[in-house]
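Same order as they appear, the protein sequences are chains A and B. Letter 126 of the first sequence, counting from 1, is numbered 126 in UniProt numbering, and no numbers are missing. Letter 28 of the second sequence, counting from 1, is numbered 28 in UniProt numbering, and no numbers are missing.
Treat the hints as calculated values from the structure; they're not laboratory data. A portion of the hints provided could be inaccurate.
[To be verified] Partner residues aside, some chain B positions facing chain A, computed with beta carbon under 10 Å:
hint: 1; residue: P34
hint: 2; residue: T75
hint: 3; residue: L96
hint: 4; residue: L112
hint: 5; residue: F246
Here a beta-carbon is modelled for each residue, glycine too, at the ideal position from N, C-alpha and C.
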Amino acid sequence: MTQLTQAPQTSQAPDKSVAAPRRSARRARSPLHGGPLAYAVLIGATLLAVFPFYWTLVAASRSNSELSGATPALTPGPNLFHNIGEALQQAEIGKALLNSLIVASVVTAGVVLSSTLAGFAFAKLRFRGRGALLALTVGTMMIPPQLGVIPLFMVIVKLDLQNKLPSVILPSLVSAFGVFFMRQYLVQALPDELVEAGRMDGASLLRIFRSIVLPVARPGMAVLGMLTFMATWNDFFWPIVALSSQNPTVQVALKSLGQGYVPDQSVVMAGTLIGTLPVLVVFGLLGRQIVGGIMQGAVKG
Amino acid sequence: MALSSTARLPVGRPAAKRPGRLRRRLAPYGFLAPFFVLFAAFGLFPLLYTAWVSLHRVELQTSERMDWLGFQNYTRLLADPFFWNALRNTFTIGVLSTVPQLLMALGLAHLLNYRLRGRTFFRVAMLMPYATSVAAATLVFAQLFGRDYGLINWVLSSIGLNPVDWQADTWASQFGVSAVVTWRWTGYNALIYLAGMQAIPGELYESAAVDGASRWQQFRHVTVPGLRPTIVFTVVVSTIGATQLFGEPLLYEGNSGGGISHQYQTLGLYLYEQGWTFFHLGRAAAVAWVMFLLIVLLALLNAAIAARRNRTDR
């Protein structure tokens, strides 16, 4: 676990630049060269990863009776828009989409801002209690949020926020992971000299933060923002507890869609498709960056 | 406008200088404040307060009222066969999902670390399940695992095997729930491992190859030891994840009890049932605190195993 505090990219960059020429020199017996078997396995794994998405589309575009035939349909059919219409009607999905968008946007803004502020302080400022506070933050990353859910619920009831969007937004506005992530990013990306130079010029810390730290932190903030948006959009447990199907997020709406007395499977799949599509679009556009972000946040050996 | 701002400057500066030192010493805390204030209110306080709530009778409809019970919630819990059932299910589903998931992730990461055409494509494709929600993934898998019209049973019977009751049968339903978890997280863990692998110096492989080590030996003696901290990290994180499994069993068959005979009810689901189906928030808090102790225990166990392996290797 000591590696947790290691800067994210240091170990990666030299490896690539130095090892490249050497790799080609030993390519003849290189263990790092993929053969046909590697491709076969990876293509198989890719198909397994992608198939459920394809199946969602197939099921969402068929009628329920076609799905329960002796031979299930394997290609998309003509009923997509009809089923989507049904889903929109049955489970307030339109409202749910808007709610999810609001919640995810506000939470993302809050997490990115609070994490960048605290991450900067942990990365570049000296103050009393720094080590202890950082250890507290990192330590609680291991504690599942579920464990505080009962008092949280009681607080929400007391504040009369039950079934209202702030009940979902407030507890998620900050994230220990976010602070840790931004700290790791800034330790590496922000040279001490730059902060010192700002101080020499007599700039206040807030000013330094605005005009030096923020521009440097932007790529890290973007990655954290994407991860936070996805996680918030997909969050399930707390929204189920705090919201009802009258004012749902997308995930709460999906739950009520799946739990009807006789759920129409093709309508359920249409709802699933609508609920997943926004994140998939984001993922399609920014997949490469998301991959990079996750690998950056990983613990290096 | 310009005039007023230039006029203010010389006045403002010397005045700001004296309290400047104090302000500078306090400034870092200002940067931390937004995080720690909210974190204390919605993160730390509820966690600790859960323990207090668990010692009381608190009902959902009258959650303002707390009657002291001492450890009764806990003794009741330990006498409830459904608690032990949920504990056992959490363990078996945890093993069924975590072990294959991490092993496959390790293998895939190894392949993704090769020099490959289109490796960015593979990485992105493999992470796609991570982009779905628990709800969406579970609803899709529940359909694929359907007993009568599910695609998986159709494939099984078309190759001459007996269809499986993926919902009512204990092992089969637990396998189904685990499949959702495994599908969503394998690619994510593969990327974590890949990041760790790229930090292993190339020279190690080179000297191993010079010593005549086969690919498998290189994987065993260079890659795996080099990845140890990463592996410990993923084991801890996925164990914690498995301990709180909730959405998958809740939506797998659309009933909040975790199957007709609770055959795949997890602790997370049991907690939800106690609190929000039966309205016993105090008892639910006791479940939460037991879960917390379990996680601490598992983390310590992981740390001990990691420490012992380190010693024996030397």
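Hint check:
For P34 of chain B, the shortest C-beta to C-beta distance to chain A is roughly 4 Å, which falls under 10 Å, so the interface hint holds. With its C-beta approaching chain A no nearer than about 19 Å, T75 of chain B sits outside the 10 Å limit, and its interface hint is violated. Interface hint status for L96 of chain B: violated, as the beta-carbon distance to the closest one in chain A is roughly 17 Å, over 10 Å. At about 7 Å, the closest approach between the beta carbon of L112 of chain B and any beta carbon in chain A falls short of 10 Å, and the interface hint on this residue holds.
Because the beta carbon of F246 of chain B sits about 5 Å from the nearest beta carbon in chain A, less than 10 Å, this interface hint is met.
Consistency with the previously given hints fails for numbers 2 and 3, ordered from lowest to highest.
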